[in-house]
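Single-letter residue listing:
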Amino acid sequence: MNRIPRWSISWRFIRVWQRNLRVYQRIWKINFLPPLLEPVLYIVAFGLGFGGLIGKISYQHLEISYVAFITPALLAINIMNNAFFENTYASFVRMYYQKTFDALLATPLSLEEVITGEIIWGATKSVIATVIMQAALSLFGLIAYPHGLLIIPLAFLGGIAFGSIGMLCTGIVPSIDMFNLPLFLFITPMFLFSGTFFPIDNLPQWAKSLSLLFPLTHLVHIVRQLSLGIIHAGLLWQVGYLIVFSLIFFPLGLFAMHQRLIK
Amino acid sequence: MQYIIEARNLTKQFGDFVAVDSISFHVLPGECFGLLGPNGAGKTSTIRMTYGFSPITDGHLEVFSRNITNDWRAIRYRIGVCQQENNLDPDLTVQQNLELFAHYFDIPGKEARSKAEELLHFIALDHRKAARVTELSGGMMRRLMIARALINDPQLLILDEPTTGLDPQSRHQVWQKLEELRSKGLSILLTTHYMEEASRLCDRLIIMDHGKILVQGKPSDLVAQHVDRHVIEVAKPSAELRAFLLSQHLKHDDLGHRLLVYGKESDQLFHTISNCYCRDDCMLRMATLEDVFLRLTGRELRE
Numbered sequence: 000m001n002r003i004p005r006w007s008i009s010w011r012f013i014r015v016w017q018r019n020l021r022v023y024q025r026i027w028k029i030n031f032l033p034p035l036l037e038p039v040l041y042i043v044a045f046g047l048g049f050g051g052l053i054g055k056i057s058y059q060h061l062e063i064s065y066v067a068f069i070t071p072a073l074l075a076i077n078i079m080n081n082a083f084f085e086n087t088y089a090s091f092v093r094m095y096y097q098k099t100f101d102a103l104l105a106t107p108l109s110l111e112e113v114i115t116g117e118i119i120w121g122a123t124k125s126v127i128a129t130v131i132m133q134a135a136l137s138l139f140g141l142i143a144y145p146h147g148l149l150i151i152p153l154a155f156l157g158g159i160a161f162g163s164i165g166m167l168c169t170g171i172v173p174s175i176d177m178f179n180l181p182l183f184l185f186i187t188p189m190f191l192f193s194g195t196f197f198p199i200d201n202l203p204q205w206a207k208s209l210s211l212l213f214p215l216t217h218l219v220h221i222v223r224q225l226s227l228g229i230i231h232a233g234l235l236w237q238v239g240y241l242i243v244f245s246l247i248f249f250p251l252g253l254f255a256m257h258q259r260l261i262k
Numbered sequence: 000m001q002y003i004i005e006a007r008n009l010t011k012q013f014g015d016f017v018a019v020d021s022i023s024f025h026v027l028p029g030e031c032f033g034l035l036g037p038n039g040a041g042k043t044s045t046i047r048m049t050y051g052f053s054p055i056t057d058g059h060l061e062v063f064s065r066n067i068t069n070d071w072r073a074i075r076y077r078i079g080v081c082q083q084e085n086n087l088d089p090d091l092t093v094q095q096n097l098e099l100f101a102h103y104f105d106i107p108g109k110e111a112r113s114k115a116e117e118l119l120h121f122i123a124l125d126h127r128k129a130a131r132v133t134e135l136s137g138g139m140m141r142r143l144m145i146a147r148a149l150i151n152d153p154q155l156l157i158l159d160e161p162t163t164g165l166d167p168q169s170r171h172q173v174w175q176k177l178e179e180l181r182s183k184g185l186s187i188l189l190t191t192h193y194m195e196e197a198s199r200l201c202d203r204l205i206i207m208d209h210g211k212i213l214v215q216g217k218p219s220d221l222v223a224q225h226v227d228r229h230v231i232e233v234a235k236p237s238a239e240l241r242a243f244l245l246s247q248h249l250k251h252d253d254l255g256h257r258l259l260v261y262g263k264e265s266d267q268l269f270h271t272i273s274n275c276y277c278r279d280d281c282m283l284r285m286a287t288l289e290d291v292f293l294r295l296t297g298r299e300l301r302e
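Chains as they are written, first to last, in numbering that gives the first Met the number 0: chain A, 0 to 262; chain B, 0 to 302.
Quick caveat, the hints were computed from the structure, so don't treat them as lab data.
The structure displayed is predicted, hence computed values, not measured ones.
Where a beta carbon is used, it is the ideal one built from N, C-alpha and C, also for glycine.
Fair warning: there could be bad hints in the mix.
Claimed, not checked - Quick partial rundown of chain B residues pointing at chain A, CB under 7 Å, derived from the structure: (1) 72; (2) 82; (3) 86; (4) 99; (5) 103.
Stated by the list, open to error - Negatives, chain B to chain A, calculated, CB over 10 Å: (6) 25; (7) 168; (8) 198; (9) 245; (10) 264.
What the hints assert, rightly or not - Cut-off 27 Å, straight-line C-alpha distance, at most; resulting in silico cross-link-like pairs (DSSO-like, lysine-lysine): (11) B:211 - A:262; (12) B:176 - A:98; (13) B:211 - A:28; (14) A:98 - B:250.
This is chain A alone, in the form it adopts within the complex (with noise of 0.2 Å):
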């Protein structure tokens, strides 16, 4: 007997993001910290202790040092972590412990905005983070500009790629505790096997290919391009895939809070 539900998207998902703008502003310091301190620690563990092991390595027909080699990846995972944290704990705190969305749901905003406007802050959040990330690589020359800077709106398509999917997450599982399992099974296999800390032309064919349907994959290898100064036409596959990838779970995003909060 339901009818179905109509959904409704229009420019005010925009007070949503302004609403989580506004409380970020409030603790912007220690949201400061993390991507201006990780890429250095890394740095300094791989470059100064494991890079001596390594040596060079070969990257496409280019001989380039470990760190050189991993900087891209550090950024790539930086984008994916700031808006799969966002739209997972972050929004299920506000979706179930501080009830801000029933709050907002009594005003004239409808739930696909709410959402909309917390999956569009998840991707603000991933190209802040890369902002601040990416200044402090640049210091050690690790990224090659102009082409560097294409990183920063390709921070906000990936944002919006892991963003979608931790909505999915949140629409689903029953308690906070449950964001374990999607770590466990989807983000850090992501973090290990996406040509993030070694080329995937190392793995075995098999393996090969299911790293290539990650996200997180094509976003390296973006990223690296452009760190490297690289740039080419072949890159807007990578670019597409993120594309479809978002459009396939933005809406499934929407749908599982939909299912999840109108009753």
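Based on these hints, arrange chain B on the given structure of chain A.
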């Protein structure tokens, strides 16, 4: 007459469970209308449909003579909702909470600030405007929730259990504020578990149970119709008293350890009962809405 809310055969189902079962009621302009009922009666479901949070399963629901399903957004601009659970923003200050909420209603910054200050004054929280919400007491949070629901100058205020969990002082303060709002002509839809609250605030009310409306009317009329004016309460009633009540055909409820006798002019009866059937364990009091409520919805626990 234009109704503020008009519900006709309004129904809400969750799967096979019927939470609201074809109820009809209307709220008039300037009226405070109460929804009463035990837990699970369907009060909150009704309220959630009224502000367009829950889609209606069947029937017809209009707010300001507009269909809630189609015009929910236009309707929400003109209503204020104070939900059962406090959902203020813990990361923000008292004043920021109000200003941010104004923003959702497209109220520009300057106007939002002056409106927030006006409301903080109204709820007597001016001195705490820079405090974090987490530092407030339960009563202060509740008042802030009400202030937030007023940020858009609503024509209808919807309150879901506004005083649950408050101490008596805070509760009376909330009542006083709500009376002030009502006297200014604001229409109010209210759910509550407190019969005292309903008697004091509501012009008319309905008592619901299992999704259906049991009775509808003015609090005083409901008391007069269902339990008369006076109640004689007898603790540890004797068998003789029971026999006496039955022989006189008096309206009463036998709770085992306690007896309630209802009547219009009970002075004489009270003397008879207290002299002949019990010495200290009986008292005469005014009948209340609570007596009506318990008579109609029964005394079993609802869990």
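Going down the list of hints, with the structure as the test:
1. 72: Holds - the Cβ of residue 72 (chain B) comes within 7 Å of chain A, reaching about 5 Å at its closest.
2. 82: 6 Å, holds
3. 86: 4 Å, holds
4. 99: Cβ of residue 99 (chain B) sits 6 Å from chain A, so the hint holds.
5. 103: Residue 103 (chain B) check passes; min Cβ-Cβ to chain A is 4 Å, inside 7 Å.
6. 25: 22 Å, holds
7. 168: With a cut-off of 10 Å, residue 168 (chain B) remains clear of chain A, as the shortest Cβ separation is near 26 Å.
8. 198: 27 Å, holds
9. 245: Residue 245 (chain B) is indeed farther than 10 Å from all Cβ atoms of chain A, at 48 Å.
10. 264: 48 Å, holds
11. B:211 - A:262: 19 Å, holds
12. B:176 - A:98: Roughly 25 Å separates the two Cα atoms, so the pair holds.
13. B:211 - A:28: Roughly 54 Å between the alpha carbons, so the hint for residue 211 (chain B) and residue 28 (chain A) is violated.
14. A:98 - B:250: 47 Å, violated
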